[in-house]
Amino acid sequence: GAGVSQSPRYKVAKRGQDVALRCDPISGHVSLFWYQQALGQGPEFLTYFQNEAQLDKSGLPSDRFFAERPEGSVSTLKIQRTQQEDSAVYLCASSLWASGTGELFFGEGSRLTVL
Amino acid sequence: AQSVTQPDIHITVSEGASLELRCNYSYGATPYLFWYVQSPGQGLQLLLKYFSGDTLVQGIKGFEAEFKRSQSSFNLRKPSVHWSDAAEYFCAVGPNAGNMLTFGGGTRLMVKP
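Residue numbers (this note's numbering), protein chains in the order written: chain A, 2 to 116; chain B, 4 to 116.
Be careful, since some hints might not be right.
What the hints assert, rightly or not - Derived, one-sided and incomplete: chain A residues facing chain B with beta-carbon distance under 7 Å:
hint: 1; residue: 42
hint: 2; residue: 43
hint: 3; residue: 44
hint: 4; residue: 46
hint: 5; residue: 66
hint: 6; residue: 104
hint: 7; residue: 108
hint: 8; residue: 109
As the list claims (entries may be wrong) - Over the 12 Å line for every Cβ pair with chain A, so calculated as not near, a few chain B residues:
hint: 9; residue: 12
hint: 10; residue: 19
hint: 11; residue: 52
hint: 12; residue: 71
hint: 13; residue: 72
hint: 14; residue: 104
hint: 15; residue: 113
Said to hold, decoys possible - Calculated from the model, a selection of chain B residues having no Cβ within reach of chain A, i.e. all distances over 10 Å:
hint: 16; residue: 18
hint: 17; residue: 20
hint: 18; residue: 22
hint: 19; residue: 31
hint: 20; residue: 47
hint: 21; residue: 60
hint: 22; residue: 87
hint: 23; residue: 88
Everything labelled a hint here was simulated from the structure, so no lab data went into it.
It should be emphasised that the depicted structure is a prediction, and the values quoted were computed from it without experimental measurement.
Glycine included, C-beta positions come from ideal geometry on N, C-alpha and C.
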């Protein structure tokens, strides 16, 4: 497709369940980002990949959060033992370049609700 | 640490009226500044960006923003608002265009007919 695709769009999980959120970036984009957007807040940085290398994971809130991009294209954000505070929209974005003036293109997000 | 403040959580304007959304940032070096718009059920879309040069930048959909270093501000403006502009607007700052942007809390714009 032409844009960043995320799935599932909506996910309801019981507390303690594991979830996996998928991001398909724009083909050929080098950089991939995950952001977390809580209700009524702006997006907050979670982690960043350049191709398959995870260059920054300083925004991941706990060791329950794990992200990977094994072949430098599709990325998965995994949350283990979900908690209610994990409820948020998880946004994926990609950029053509590794740095510089490349525009970030965002997906529509995956809305996670933890009961 | 970098930060972005959008003082107005909600703004309501009449269709056809002018609009200014405020953004103040804190950043230790020359910032890269952005405005994004988020419509319900849609992803963030870039409206405009400032890297260097002319401090008044033009964006899509008739929006513009002015970088004022002395005030650490990057306010978004539009001379005449359309009903389709109703959305949430986010200001963001970063060390470059595609890396670890810090977003403000957003301003929700409502447009009265």
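Going down the list of hints, with the structure as the test:
1. 42: holds (6 Å)
2. 43: holds (4 Å)
3. 44: Holds - the Cβ of residue 44 of chain A comes within 7 Å of chain B, reaching about 5 Å at its closest.
4. 46: holds (5 Å)
5. 66: violated (16 Å)
6. 104: Holds, because the Cβ-Cβ distance from residue 104 of chain A to chain B comes to roughly 6 Å (cut-off 7 Å).
7. 108: With a minimum Cβ separation of about 5 Å from chain B (threshold 7 Å), the hint on residue 108 of chain A holds.
8. 109: Constraint on residue 109 of chain A satisfied, holds at 5 Å.
9. 12: At about 8 Å from chain A, residue 12 of chain B fails to clear the 12 Å cut-off, so the statement is violated.
10. 19: holds (28 Å)
11. 52: violated (8 Å)
12. 71: holds (21 Å)
13. 72: Non-interface label on residue 72 of chain B holds, nearest chain A Cβ at 19 Å vs cutoff 12 Å.
14. 104: Given that some Cβ of chain A is not farther than 12 Å from that of residue 104 of chain B, nearest at about 7 Å, it is violated.
15. 113: holds (15 Å)
16. 18: It holds; residue 18 of chain B is separated from chain A by about 25 Å at its closest Cβ, greater than 10 Å.
17. 20: holds (25 Å)
18. 22: At roughly 19 Å from the nearest Cβ of chain A, residue 22 of chain B sits farther out than 10 Å, so the non-interface label holds.
19. 31: Consistent with the label, residue 31 of chain B stays out of reach of chain A, its closest Cβ about 17 Å off (over 10 Å).
20. 47: Check fails; 4 Å does not lie beyond 10 Å.
21. 60: Given a closest Cβ separation of 13 Å, the condition holds.
22. 87: holds (18 Å)
23. 88: holds (19 Å)
In this structure, the hints that do not hold are numbers 5, 9, 11, 14, 20, in rising order.
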